[in-house]
Amino acid sequence: MDHRWIFLLSLWCVFDSAGSCCVEELPPVSINCYKCNLSVAPMDLPKHTTRLDLSFNPLKSLSRNHFLQMSKLELLDLTRCSISLIEDHAFFGLEHLHTLILTGNPIERWSSSTFSGLESLQRLVVVETSLTSLSNLPVMQLPLLKELNVAKNLLKSLFLPIYLSSLHILDLRANQIANIKEDDLDNLRNTKLSNLSLILSQNPLTNIVPGSFRSISLHMLHLKGCFSSANVMESNLKAMSGLFVEKLVIGHYRNYLKTIDLKSERVEGLCNMNIEELTITGMHFSQNTFHEYPIEVPNLEFLDLSRNVLNIDKCCLQISDGISNLLHLNLSYNRQVVLYSVFLNLSHLQSLDFSHTELTNVGVYPIFVLMDKLIYLDLSNTKSHFSIQCSFCGLYSLQVLKVSHSVFETNILASVFKDLKELRLLDMSSCGLIYIPVETFASLKLLQKLDLSNNKLLELQGSVLNPLNDLTILNVSSNSFPSLSSETTQFISQNLSEVDLSNNPFDCSCNQMPFLLWVYEQSNRRLRFSNSLKCQTPEYLQGTQLSEVNLICNLTIYVCFGVFVVITAIAGGMFYCYKQKYFHLCYLLQTHNNHNVEKEYDAFVIHSSLDEEWVKEHLVPKLEDGAPRFQLCLHYRDFIPGIPITTNIVNEGIRRSRKALIIVSQNFIESKWCSFEFEMVMSWQFLESQCGIIVILLEAVNMAHLKHMLGLNKYLRKNTYLKWVDGYVERKVFWRRLREALQKGDESKLCAPQLDNNNGDVCEEQNEHNRMKL
Amino acid sequence: MKNFVIFLIISQLLFPGEMKEWPTHTICKTEEVEAYYKSCDPMQDAGLSMDPCYRSLGKRLMAKIGVILRQDINLLYMNSRIGYNGVYLFHEEKTLCEKTAPKFSFCGKKKGEFVLYNHSVKIGGPSLPKGEYFINLELINENNYIIACVNFTVYSHPTV
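Chains as they are written, first to last, in my numbering: chain A, 18 to 791; chain B, 469 to 628.
Everything hinted at is true.
Result set (SDA-like, lysine to any residue): computed pairs, CA atoms no more than 20 Å apart in a straight line: (1) B/578 - A/148; (2) A/438 - A/413; (3) A/52 - B/614; (4) B/532 - B/604; (5) B/578 - A/68.
No lab work stands behind these hints: they were computed from the structure.
Here chain A stands alone, though its shape is the one from the complex:
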């Protein structure tokens, strides 16, 4: 805990003293004071700072013991600090420092004790420090120095002091070395280390004394942009005979425009060197000269002739003759190569790169048929047109095949890869593929990476991918499929660790729900999944991320489901409440269609059988025998036996009667049939939409009981009803009102407003007349 506080406190001090400009970056503790306008190095840095970047600060000079308190420092960057003076022992105490960068400082003087104390220094960068000679650099006290970068100084000589002979990398790029004398590299000659990589690129080499490189052994020699003309190159390469070098790089950078006529003499010098890997690049060779002059470097294993504007007529006569041990050949970024029958002699090759060079005869002849050792083959951007099934026959060891930007005949696809049983990587991007036959990848059991991007695939069948048991990385971006089948998505989820599906015209309508759901799932899985999957259709979702659409789609379904549930609940509730009425309605509706039944009764009398006495004694005689005569429908008299009661009620009673007379009494309320009949009548009234219910309250009823019959209670409260009471006058009024009510809506009885039968005959005539009219 204490340590942490001290650390924080010291950090605060740093920020305070350095004007809060230095940024601490963890871990390891590294302090970046880039461009903080510091004139002295901050003194109070955390004790365990390992990396300190003071670049672009106007330090101007480094005093004695400048970094004494930063003993843990491993890397010190003093790039462009305008340092012109470094006092003796300036770096004293930096015993763990392994990298010191002094790029871009105009250091005037180096003294023998400038670097004293830097016991662990391995890498020293003194680029652009106006150094005039390697001997001026006091690096003899740096026992562990492995890499010295002296690029862009004013060196004129390549003289290597003895203490530099144990270096691994010496970068002398862009100095002014024009001449190399015989004894410049003497100190290397005497040691037998071959670890040194010497970079002499961009030095204006004009005169190398023959024998300078004799029995010198180097790991790597870079000579890019060193020779101003073909003649200079020729003579200097000859002068370098006797050199043992593992990797030699000669050539130019881009924009070197001078054409070189390639004669055998030009690179003759190479024959007297011992080279394993040769790179000649950036040369602008004149056309049609290459094939006449074979390169003869017998020990060469690796030949890189990329970016030379080469035009090779009969490939590769010149190589197959001169270089028998060649394993790796790179002819990429040249103009044109015509593969000729001698190409078959290169059967020992392990890697071959023709990318970005126009190729002839590939895909027309089984040109690789003898190359059973080839592991790497790059034919991308070669304008190849594969038209025979045996285009890749014989490549039994091939592990990497790149054929992007090529054209495949559709009919050969099914069997063109049948020999490539060892293939690990296949790049078929930008091949204009529309359809891939199911058998295409059947032999590629070991394939791990497949690139089918930038094609025009309209679908990606699972059956195409199914044979690829070892596949882990698949790129199908920028194709034309709107979605993936469930078989394909299953394959991807089960086998792959990385898949790129971006830039396809995805369909985000809800028919693609399983695919969209799958995409949504992938964002939560271990599979490395392409980020920008955007919808193409439907139009309103264009440009939306697939995973977001997924949610919206889900939401719609949930909303629909919710609404459905609510509606069902309401319907269910209503059904439960109005179950009875519903049945009645249904029942009535069933028979409602043929409603042209003649109404032969004037009224259907609904009464409890216990009140039958009153009906028989009072109602029937008074209405059926009076004038006008009313025909009543009475269940004990008019219902047809042998038919269900309900049918009788509806068909005989309700449907054939104009009105319904309801005799309400205590018995009525207690009777189930009565309440059923009442409900039916109410429903019927609703259907027919005419008022036809006359209620007669026969006796006072218990209101509490009445409340159970909801419909009746409501009806009584809202409508006028008749009451059977004692007394002569009251009875007279009762019968008059009843007759009037029964007559209402029936024209045939209109002519008999009177209570009693005074004009009965006239009325009968009128009735006859009415019937005739009908």
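With chain A held as given, fit chain B onto it using these hints.
This is chain B only, laid out in the frame that chain A set:
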């Protein structure tokens, strides 16, 4: 022109950029074409010259660019956005430096080094039609750090 570039380089070295806005420099000005540029890198101005001054893009011209590197350029990408008469035309991305194949001499240079690219350039294509051109050029390294950023304005007014 050479003196001008040297002046710029020296001014860069002496006053490592504190300025936010850099002055507009003239590349060339003839009857047919005028070209100006302005550094859009907040860290430093850029030195640039072009000779000779043609309206035709097909001809070769010597281009000089001088920049002090603020970071390594093992990988270098060039982004250019081109507009014509105030309308954005197109955008191009190009890889200038790859780790394995350093095409240009400045590829692989490290922080603090001064890059002076002095070579003939052939852009190719017909003469510039009349109008005002805007070109934004950005050089970006492997850490997405802007190595150099320059805005060009070119006015083409053919005399024919």
